[in-house]
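Engineer: Read off the chains here:
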Amino acid sequence: MNESIVAPQGVEDLVADERQRSAERAQRADNRRRILQNAGIGIPFLLVLVAGFVAVPNFASSSNVANMLVNAAILAIVGYGMTLVIAVRGIDLSVGSAQALAACIAAATVNAWGPLAGVVAGIGVGALLGLFNGLVVTQLRVPGFIATLATMSVFRGAVLLFTGGAPIMIASTAFKSAATAKFLAIPVPFWIAAVIGAAAVFALSSMRFGKHVVAVGGSPESAVDSGIKVKRIELLAYLIAGAAAGTAGVLLASQLGVVNGSISAGLELQAIAIVVLGGTSMAGGQPRIAGTFVAALLLSMINSGLNLLNVPSFYQYVALGVLLIFALSVDGAQRAAVSRMMKGSK
Amino acid sequence: MAAVLEVRDIVQEYPGVRALKGVSLEFHPGTVKGLVGENGAGKSTLIRILGGIEQPVRGDVFVRQDRKVLRNSSDAQAAGISVVSQEFRLVPQLSIADNVFLGHELGTGGVINKRRTHELTAGLLDQLGLDLDPRRTVSSLTVGDRQMVEIARALSRDFDVLIMDEPTAALNGAEITRLHEIVQRLASQGKAIVYVSHHLDEIFDICDDVAVLRDGELIAEATIASLDEAQLVEHMLGRKPQHYERASTTAPSSEVRLLVRDLEIPGVRNPVNLSVAAGEIVGLAGLVGSGRTEITRSLFGDLPALSGQVSVDGKAVRPRSSREAIRSGIFMLSEDRKSEGILPHLDVTENAMVSRARGHLPTLQKSVPVRKDEGAAFERLRQQMRIRVPHGRQLIGNLSGGNQQKVLLGRALLSGCSVLLLNEPTRGVDVGAKVDIYQLIRELADAGVAVVVSSSDAPELAAIVDRCLVYFAGDQVAELHGPNVTEDNIVTASVGQVAEEDHHE
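Residue numbers (the working numbering), protein chains in the order written: chain L, 1 to 346; chain H, 1001 to 1505.
Since the hints were derived computationally from the structure, they do not count as laboratory data. Each hint should be verified, as a subset may be incorrect.
[Unchecked claim] Footprint (simulated), chain L over chain H, 3 or more residues, beta carbon under 8 Å:
| id | stretch |
| --- | --- |
| 1 | 1053-1059 |
| 2 | 1064-1077 |
| 3 | 1108-1117 |
| 4 | 1402-1411 |
[Said to hold, decoys possible] The calculated lysine to aspartate or glutamate pairs, modelled on EDC-like cross-linking and capped at a C-alpha distance of 20 Å, are:
| id | chain 1 | residue 1 | chain 2 | residue 2 |
| --- | --- | --- | --- | --- |
| 5 | H | Lys1021 | H | Asp1009 |
| 6 | H | Lys1068 | H | Glu1054 |
| 7 | H | Lys1068 | H | Glu1166 |
| 8 | L | Lys229 | H | Glu1181 |
| 9 | H | Lys1021 | H | Asp1215 |
| 10 | L | Lys231 | H | Asp1215 |
| 11 | H | Lys1338 | H | Glu1181 |
| 12 | H | Lys1021 | H | Asp1075 |
| 13 | H | Lys1191 | H | Asp1075 |
| 14 | H | Lys1191 | H | Glu1181 |
| 15 | L | Lys231 | H | Asp1009 |
| 16 | H | Lys1021 | H | Glu1181 |
| 17 | L | Lys229 | H | Glu1054 |
| 18 | H | Lys1068 | H | Glu1105 |
| 19 | H | Lys1191 | H | Glu1087 |
| 20 | L | Lys229 | H | Glu1105 |
| 21 | H | Lys1338 | L | Glu221 |
| 22 | H | Lys1191 | H | Asp1215 |
| 23 | L | Lys231 | H | Glu1054 |
| 24 | H | Lys1315 | H | Asp1262 |
| 25 | H | Lys1068 | H | Glu1087 |
We treat Cβ as the ideally placed atom computed from N, Cα and C, and that holds for glycine.
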C-alpha cells in the first residue's frame, strides 16, 4: 500500500527479544538489590565484630557475649514489630514509651500476682497500646508519624503517673532469672527472639497475612482493588508492634530487676535504625525480618564495645544517629540503583 | 435469558461534573457486550461502579435480579464480577503467582499453599499462551506481560461477569488474537463479558452487541450486526464523523528548530534521531512501553540521556533537568495533567504565568509578579486560547480537562519556547474542546514552534500531525509522511504489524 511503513522483523521476535531483555534487566536489578541489602548490613556487622574482638578488651568474655545477646534479643523483638509497621508504610515512634509502660505494669503485676501474670500483663498492655495506635491511625486518620509521636508522649506520661516517678523493684527471683537463664549455653531471651523471628519470617513469606502486608505497603491501590481490608492490615501491624514492644518490655524488666518510668527512652530511634539497616525499605512493601535481627546484633555490639572502651554515653547517641543516616542512605541508594536498572541504563 | 447483571438508572457525580446521567444496561450470560464511547463518556466510571470501587449517587445494581450494594471490590467479587482494570493493579514486589491470587489466596488457616498457587497460576498463564515462571516478581515484567498477568488475575476468580477495560492497549498483534479467542471461549461457557475498547474493529470482531455512551448517557444499544462502523462512530460523536481539517496552509519551513542526533536514552533500544522544523508537528506513536514517553522525558531533561546530541535552533543543549530544558527553549506538557501539570491550589492566571519568560519584561515584573500586568496577559491569553473561565481568579482545579489543558498550552506559549513537547494532549478532554486544542496546537506551530506530540490516540495523531514516527518496544518501526499519516497505518505499525493491503475507507 505504501512504502513508508518499514516492515518490522516479525512481531514475535521483537516481543520475545523485549521479554528476554526485561528478564535480564530484572535479574541484574535483583542481584544489585541483594548485594546492596546484604552489604549494607553485612559489611558493618563484620567490621564491628572484628574490631570488637581485636580492639575491645573483654569483648569476647562470656559474660559480655551473654549480655550482648540479651540486649540484641530485646531490641530485635521490638524491631520485628517496627519492621511490620514500616512495611505497610507506617512508623511507630511510641515503642519506647509503650515498652516502658508494659515493663512497669509487668513489674507491678509480678509483685502482686506472680511471674506468669506479669508476663501476660506486659504483653497484653503492649498489645493494647498498639491497638490504640492502630485505631488512631486507621479510624481517626492521623498519619502514623504524628499519631505515634503523640502517643509516645501520652504513654510516657502514663508510665510516669503509674510509677509516681519511683522505681519498682521486682521481688520474684524466678522472674529476674529468666533473662539470664541459658539454654544450650545461649541466653533464653535470644532463643525467644530467634523463635519469634522465625515465626515472623514464616508469616510474611508463606501466610496470607504476609502477602497482604506486602501488598498494602507495595501498592495500596492494588490492595484495595484486590479486596484486601487495608485498614485491618494496618491496624494489625500497629497492634503487633505494640505487642512486640510489650514482650521486649517483659524481658527488659526481667533483665533489669528494677524498672522506672524513664526506661527505654530513645528506643524508637534504635528500632528504626535496625529495621532500615536490615534492608527494610522505608518506601514500604519490603519487610526483612532476618536483616532486622542481624542489625539488632550489630547495634548491641556497638553499644557494648563503646561501653567497654569507656566512651561517654553521649558519643553513643552520635553513633546511633550516624548509623541511622547511613542506613537510610543505603536504602535510598538501593532504590535508586534498582529503578535505574529497571529503566535499562547501564 | 435473564440478565446476570443489570444496572438501573445509575447516576454518578464528581465535583462539578455529572459523569453518568442515569444509565440502564443489562448484561446476559454468553454474550460479549462492547462498551464504547469517547474519553470522558463515562465508561470508566461505570466500570468502577460495577467493580465496587465507586458508589453511585443514585441508581441500583442487580445481580441475578437481586439488588446489590457493592461497597468495595470484595463485594463485587463476591457477586461474581471480575474486572481487568485499565491501570495496572499489581503489587510489584510480589511474584506473579502471589499477585494472581492476591485477596483470594489458596490455603488453609492463613497458610498459603504455594505449590497449588504456582500450579494454578502456571495453568492460567499457559491458557493465555504465556511462558513465564510464576515465581518471577512482577516488577521485572514487560508492560505487555503485566497486562496478561492482570488478565490471568481476573480469570483466577469465580466470576459470571468479566469486565475488560481496554485490555489490548498494551498488547501486540499475536497477543490480541489470543485474547480474543479466550474472550469468545469464555462467552461460549456462559459468562457475560463487558468489553471496552477504543479500537472499533475489535468491537466488530468479538462483540455480540454494543452499548454506546456519550457524555454520561446511554446513546444506543444494538446488536453488532445491525450497525456498521460509520453508524457506531456517529453514535459516539453525536454527529457525522467530521474530521478536523488539517490546515495545510503553511508548509513547514526548512528551518530546523529541534535536532536530535544519536541520542541514547535509558529504556529505548536504539539511538534516537529526530529533526523537527519550525511550524512542523511531529507525532510519536506507539503502545505503552514502546519508548515514546522516554523520548519526550529525556528531551525535557527528566530522564538524562546517556550520549548523543540535542540542539535547539542550532545551539547544542544538554538538558539534565527540566529547568535547563526550559531555559534552552524546550517545554513539555506531561500526560499526567493532574499531578504533573496544573498547580491545583493556584488560580488560572498564576498557573498560566508560572513559566513565563521574563527576560524582556520591565525590571519590576522581572522579579515580582505584578497582578495587573499578569491579569492583562491572561486576558489576552484567554481570548487567544478560547479558555472558558469567568475570570482570571478561578482556581484551575475546578475547570474541565479541556480548559485546564488550554491554560497549560498558554503556559507553554508564554514560556517562549521554540520546541514544545506534548504528551497525550487531549487525555480526559471532551470532544468539543478536543478540536479547539488541535487548532491551538496548529496555531502554535504556525507561529513557528516545533511541536512534538506523543499520543496513544491514533485518530488524534492522524488528525493533527504532519509526520508521524511509530515506535514499538524501543524501536522506530515506521515513519509516516503526509497523506500516509492515517489512523490505520499508525495502529498497524504500532502493534508491530506490517500494513495490510486492503484498506477500507
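Engineer: With reference to the structure, classify each hint as holding or not holding.
Structural biologist: Going through the hints against the structure:
By the rule of at least three residues with a Cβ nearer than 8 Å to a Cβ of chain L, the coverage given for the stretch 1053-1059 of chain H is violated, with 1 such residues. Check on the stretch 1064-1077 of chain H: 4 of its residues sit with their Cβ under 8 Å from a Cβ of chain L, so the three-residue criterion for coverage holds. Against chain L, the stretch 1108-1117 of chain H contributes 4 residues with a C-beta closer than 8 Å to a partner C-beta. That satisfies the three-residue criterion, and the hint holds. Residues of the stretch 1402-1411 of chain H with a Cβ under 8 Å from some Cβ of chain L number 0, which does not satisfy the need for three, so the listed coverage is violated.
With a CA separation close to 8 Å, the supplied pair H/Lys1021 and H/Asp1009 stays within the 20 Å bound. For the hint linking H/Lys1068 to H/Glu1054, the alpha-carbon distance of about 14 Å falls within 20 Å, and the restraint holds. Taking the CA atoms of H/Lys1068 and H/Glu1166, the gap is near 26 Å; set against the 20 Å cutoff, the hint is violated. About 35 Å separates the Cα atoms of L/Lys229 and H/Glu1181, which puts this hinted pair outside 20 Å; it is violated.
With a C-alpha separation of about 8 Å, the suggested pairing of H/Lys1021 with H/Asp1215 holds against the 20 Å cut-off. With a C-alpha separation of about 35 Å, the suggested pairing of L/Lys231 with H/Asp1215 is violated against the 20 Å cut-off. Taken as a hint, the H/Lys1338 and H/Glu1181 pair is broken in the structure, with Cα atoms around 37 Å apart against an allowance of 20 Å. Note on H/Lys1021 and H/Asp1075: the hinted pairing is violated, with a Cα-Cα distance of about 24 Å set against a maximum of 20 Å.
A hinted pair counts as satisfied when its Cα atoms are at most 20 Å apart, and H/Lys1191 with H/Asp1075 qualifies at roughly 19 Å. With a CA separation close to 14 Å, the supplied pair H/Lys1191 and H/Glu1181 stays within the 20 Å bound. Proposed proximity of L/Lys231 and H/Asp1009 is contradicted: the alpha carbons are some 32 Å apart, above 20 Å. Taken as a hint, the H/Lys1021 and H/Glu1181 pair is broken in the structure, with Cα atoms around 34 Å apart against an allowance of 20 Å.
Restraint check for L/Lys229 and H/Glu1054: the C-alpha separation of about 16 Å stays at or below 20 Å, so the hint holds. Taken as a hint, the H/Lys1068 and H/Glu1105 pair is broken in the structure, with Cα atoms around 25 Å apart against an allowance of 20 Å. Under the criterion of a C-alpha separation no larger than 20 Å, the hint pairing H/Lys1191 with H/Glu1087 is inconsistent with the structure, at around 23 Å. This hinted pair checks out: L/Lys229 and H/Glu1105 have alpha carbons roughly 14 Å apart, not beyond 20 Å.
Distance hint between H/Lys1338 and L/Glu221 is fulfilled; the C-alpha atoms sit about 18 Å from each other, no more than 20 Å. Distance hint between H/Lys1191 and H/Asp1215 is unfulfilled; the C-alpha atoms sit about 29 Å from each other, more than 20 Å. For the hint linking L/Lys231 to H/Glu1054, the alpha-carbon distance of about 18 Å falls within 20 Å, and the restraint holds. For the proposed pair H/Lys1315 and H/Asp1262, the alpha carbon gap of about 16 Å is at most 20 Å, so the pair holds.
A C-alpha spacing of about 26 Å is found between H/Lys1068 and H/Glu1087, which places the hinted pair above 20 Å, so the restraint is violated.
When each numbered hint is compared with the structure, violations occur for hints 1, 4, 7, 8, 10, 11, 12, 15, 16, 18, 19, 22 and 25.
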